[in-house]
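Place chain B with the ligands on chain A using the hints.
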Amino acid sequence: MPININIIRSVFIERVLNETASVKTILFKDRVSSKADPGQFLMVWIPGVEELPMSVMVADEEDSAAITIRRKGIGSTALFNKRIGEMLGIRGPYGNKFKIAPNARTVLLVGGGTGLVPLIRLAAKLNEMRICCTLIIGASSKREVFFENTADAVLSDTKHKIIVSTENGDYGIKGNATDAMAQVLKEETFDSVYTCGPELMMKKVLDIASAYSLPIQASLERHMKCGIGICASCCIEDKLVCKDGTVFCEKQLSKLNEFGMFYRDKTGRKIVY
Amino acid sequence: MLEWCKLLRGKRQREHDRTLSINIAGMELRNPTMLASGFLGISQAIFNRLYNADVGAIVSKSISCEPMEGYRNPTAVCLEGGSYLNAVGLANPGADAFSSEIASNPYVPIIVSLVGSSHDDFPKIINKFDDLNILGYEINLSCPHVAKMGMEVGDDPDMVTKVVKTVKSHTLKPVVVKVGIGNVDILDIARAANDAGANAITAINTIRAMTIDIESGIPVLSNKIGGLSGKSVKPIAIRCVYEISKNVSVPVIGCGGIFSWEDAVEFMLAGASAIQLGSVIGYEGFGAFQKICLGLKRYLERKGMKNLTELVGLAHKY
Ligand SMILES: Cc1cc2nc3c(=O)[nH]c(=O)nc-3n(C[C@H](O)[C@H](O)[C@H](O)COP(=O)(O)OP(=O)(O)OC[C@H]3O[C@@H](n4cnc5c(N)ncnc54)[C@H](O)[C@@H]3O)c2cc1C
Ligand SMILES: Cc1cc2nc3c(=O)[nH]c(=O)nc-3n(C[C@H](O)[C@H](O)[C@H](O)COP(=O)(O)O)c2cc1C
Ligand code: FES
Numbered sequence: 001m002p003i004n005i006n007i008i009r010s011v012f013i014e015r016v017l018n019e020t021a022s023v024k025t026i027l028f029k030d031r032v033s034s035k036a037d038p039g040q041f042l043m044v045w046i047p048g049v050e051e052l053p054m055s056v057m058v059a060d061e062e063d064s065a066a067i068t069i070r071r072k073g074i075g076s077t078a079l080f081n082k083r084i085g086e087m088l089g090i091r092g093p094y095g096n097k098f099k100i101a102p103n104a105r106t107v108l109l110v111g112g113g114t115g116l117v118p119l120i121r122l123a124a125k126l127n128e129m130r131i132c133c134t135l136i137i138g139a140s141s142k143r144e145v146f147f148e149n150t151a152d153a154v155l156s157d158t159k160h161k162i163i164v165s166t167e168n169g170d171y172g173i174k175g176n177a178t179d180a181m182a183q184v185l186k187e188e189t190f191d192s193v194y195t196c197g198p199e200l201m202m203k204k205v206l207d208i209a210s211a212y213s214l215p216i217q218a219s220l221e222r223h224m225k226c227g228i229g230i231c232a233s234c235c236i237e238d239k240l241v242c243k244d245g246t247v248f249c250e251k252q253l254s255k256l257n258e259f260g261m262f263y264r265d266k267t268g269r270k271i272v273y
Numbered sequence: 001m002l003e004w005c006k007l008l009r010g011k012r013q014r015e016h017d018r019t020l021s022i023n024i025a026g027m028e029l030r031n032p033t034m035l036a037s038g039f040l041g042i043s044q045a046i047f048n049r050l051y052n053a054d055v056g057a058i059v060s061k062s063i064s065c066e067p068m069e070g071y072r073n074p075t076a077v078c079l080e081g082g083s084y085l086n087a088v089g090l091a092n093p094g095a096d097a098f099s100s101e102i103a104s105n106p107y108v109p110i111i112v113s114l115v116g117s118s119h120d121d122f123p124k125i126i127n128k129f130d131d132l133n134i135l136g137y138e139i140n141l142s143c144p145h146v147a148k149m150g151m152e153v154g155d156d157p158d159m160v161t162k163v164v165k166t167v168k169s170h171t172l173k174p175v176v177v178k179v180g181i182g183n184v185d186i187l188d189i190a191r192a193a194n195d196a197g198a199n200a201i202t203a204i205n206t207i208r209a210m211t212i213d214i215e216s217g218i219p220v221l222s223n224k225i226g227g228l229s230g231k232s233v234k235p236i237a238i239r240c241v242y243e244i245s246k247n248v249s250v251p252v253i254g255c256g257g258i259f260s261w262e263d264a265v266e267f268m269l270a271g272a273s274a275i276q277l278g279s280v281i282g283y284e285g286f287g288a289f290q291k292i293c294l295g296l297k298r299y300l301e302r303k304g305m306k307n308l309t310e311l312v313g314l315a316h317k318y
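These protein sequence lines map, in sequence, to chains A and B. In this text, residue positions in the first sequence follow my numbering: the first is 1, and each later residue adds one. In this text, residue positions in the second sequence follow my numbering: the first is 1, and each later residue adds one.
For reference, chain A alone in the conformation it holds in the complex (with noise of 0.2 Å):
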């Protein structure tokens, strides 16, 4: 019978990586997460406290796969906490994902933050398909760069390059994300452009690309309830970001006034970005 991936399933923690002294790698095995598509995303109930969108990241076994975290309030401070064969309850993988054009040959991945996970994601895909890719990770120091060996194992089958900025320059090219793609795009083409990240600088990356008229996909945050589209706790304008999204295209992106301008809290009112 086919699961029903909207009912909650129980998984064990297999393994926890270190990635900063904020954030962490969880891994599992679940083979219906193993089999997500770039971009999707899991409801994690963390039993007692909370349940959290998270994106789906990439695991190195088969049948498993992890989520990424950065400890913040209390949801993700427990999540942040949990250990080795304690239980999570997971449900999805929900949203749509990156598509990815068959005539692509040279992407440009920008993400800062924890939205690098379905970033790496991707990049595995792109790898699988023998894609070159650029990636760019933003982050405001050193001691908050994550990903980076992390991506370049999951790359290591097609051309590829990593850049990583600092906002106080004490790695890589000094700036923001978007500093570092405009600089990158004066030098090289590509065929589109990924981002997940602060709202803020993905529609930065929206405007520089659609400066250079390359096709774009970014993969926007909500708050989210039921992640099944039934609750509009999530939308942007007449968009469920859990169900319509959470990728959206330059064509869309364009037309969401609301990008990079409010979004919604808890409530469901508006706040200024």
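Fair warning: there could be bad hints in the mix.
[Unchecked claim] Below, in silico cross-link-like pairs of lysine to any residue (SDA-like), each with a Cα-Cα straight-line distance of 25 Å or less:
| hint | chain 1 | residue 1 | chain 2 | residue 2 |
| --- | --- | --- | --- | --- |
| 1 | A | LYS203 | A | ASP238 |
| 2 | A | LYS266 | B | SER222 |
| 3 | A | LYS97 | B | ILE46 |
| 4 | B | LYS306 | B | TYR283 |
| 5 | A | LYS266 | B | GLU66 |
| 6 | B | LYS124 | A | ASP265 |
[Said to hold, decoys possible] What follows is a list of derived Cβ distance ranges for each label pair:
| hint | chain 1 | residue 1 | chain 2 | residue 2 | range |
| --- | --- | --- | --- | --- | --- |
| 7 | A | CYS249 | B | GLY285 | 17 to 25 Å |
| 8 | B | ILE214 | A | THR158 | 38 to 46 Å |
| 9 | A | MET261 | B | PRO106 | 17 to 25 Å |
| 10 | B | ARG302 | A | GLU62 | 49 to 57 Å |
Worth flagging that the hints you see were computed from the coordinates, not collected in a lab. We put the beta carbon where it would ideally sit given N, CA and C, even for glycine.
Relative to chain A, chain B with the ligands alone:
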């Protein structure tokens, strides 16, 4: 501008067909399918999209005086077989923000759902909406999982009378009262609402229920107890609609586990003049309204009926 053109086009395309149109409690609807409160109900842009997806009317998320954060996640849990358990905790943007949200509503038929912790909350909320382009109100007297709101009011016939009379005395717009399964017989509550001047009754809300994760032993909803909706509540909702529609004079709007046109027909036979769709949206998305309307139309044709009203309460004669 583009949005308006699209809306207009949608409206024109759908105006000619009157088979499914109804007048309920003075509200003219192009078809009997309403969006149930709490589903997709906070954004004008989504309302416009629902309108283009053939919704008959939209009941907003229940709106309180002040914004409410609701409970922590998990707030909605999917169960096997087309049912959900939810304890959203009446999260809503509050009367101020929501009235601004729909302030320039073009002509989407919106019914604002009201929730309050005491009867004097209601005039304050109505005050924010009464001049806007809305069809009317639905009073939520039946949320089963928030203390002092919803069901706690709905379990007390005297409070129900008081709230309905208060609301009626502050608006000329139609007032629907939504009832549910609480500790007091639903019929007594429906009668109290009817006698206090309600223009229609919606039955039913979700039913108090719970689920526990067997691996951890922990209740899944953060509030532990929530409300059951979807397929599992349908036979109960049918019974309620049947009994209420037999015993009160105002029309009844059926709600609870309507997933198909067959379910819709069953509710109408039981006495519902209109229906609300909620949980089905998790399965059919925005397409649910169109699909059910099409099925209803074909059913009427097959039965040789000219209008939906011929169907309402037919089962009462047996
Ligand atoms: C599609 C999607 C994918 C995500 N992927 C990742 C990921 O891979 N790694 C990661 O660390 N984080 C990810 N997040 C963010 C994550 O879900 C949480 O928002 C974050 O971990 C903070 O949660 P908290 O409970 O600790 O924060 P709190 O202190 O409770 O809240 C801080 C802020 O977090 C946000 N938040 C809280 N709950 C939710 C929710 N249910 N949905 C959306 N935002 C919420 C709100 O903006 C809130 O203001 C993702 C979010 C979305 C929508
Ligand atoms: C997630 C969720 C939120 C809800 N929020 C409200 C609400 O704010 N006000 C209300 O009157 N009913 C609310 N309800 C109840 C529904 O409007 C409806 O009465 C119930 O779900 C039964 O219909 P269904 O089986 O078609 O879903 C909610 C239900 C769900 C599942
Ligand atoms: S999270 Fe509920 S509709 Fe998207």
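Results for each hint:
| no. | hint | result |
| --- | --- | --- |
| 1 | A:LYS203 to A:ASP238 | holds, 18 Å |
| 2 | A:LYS266 to B:SER222 | holds, 15 Å |
| 3 | A:LYS97 to B:ILE46 | holds, 22 Å |
| 4 | B:LYS306 to B:TYR283 | violated, 30 Å |
| 5 | A:LYS266 to B:GLU66 | holds, 13 Å |
| 6 | B:LYS124 to A:ASP265 | holds, 23 Å |
| 7 | A:CYS249 to B:GLY285: 17 to 25 Å | holds, 20 Å |
| 8 | B:ILE214 to A:THR158: 38 to 46 Å | holds, 45 Å |
| 9 | A:MET261 to B:PRO106: 17 to 25 Å | holds, 22 Å |
| 10 | B:ARG302 to A:GLU62: 49 to 57 Å | holds, 53 Å |
Comparing the model with each earlier hint shows a violation of hint 4 alone; every other hint is respected.
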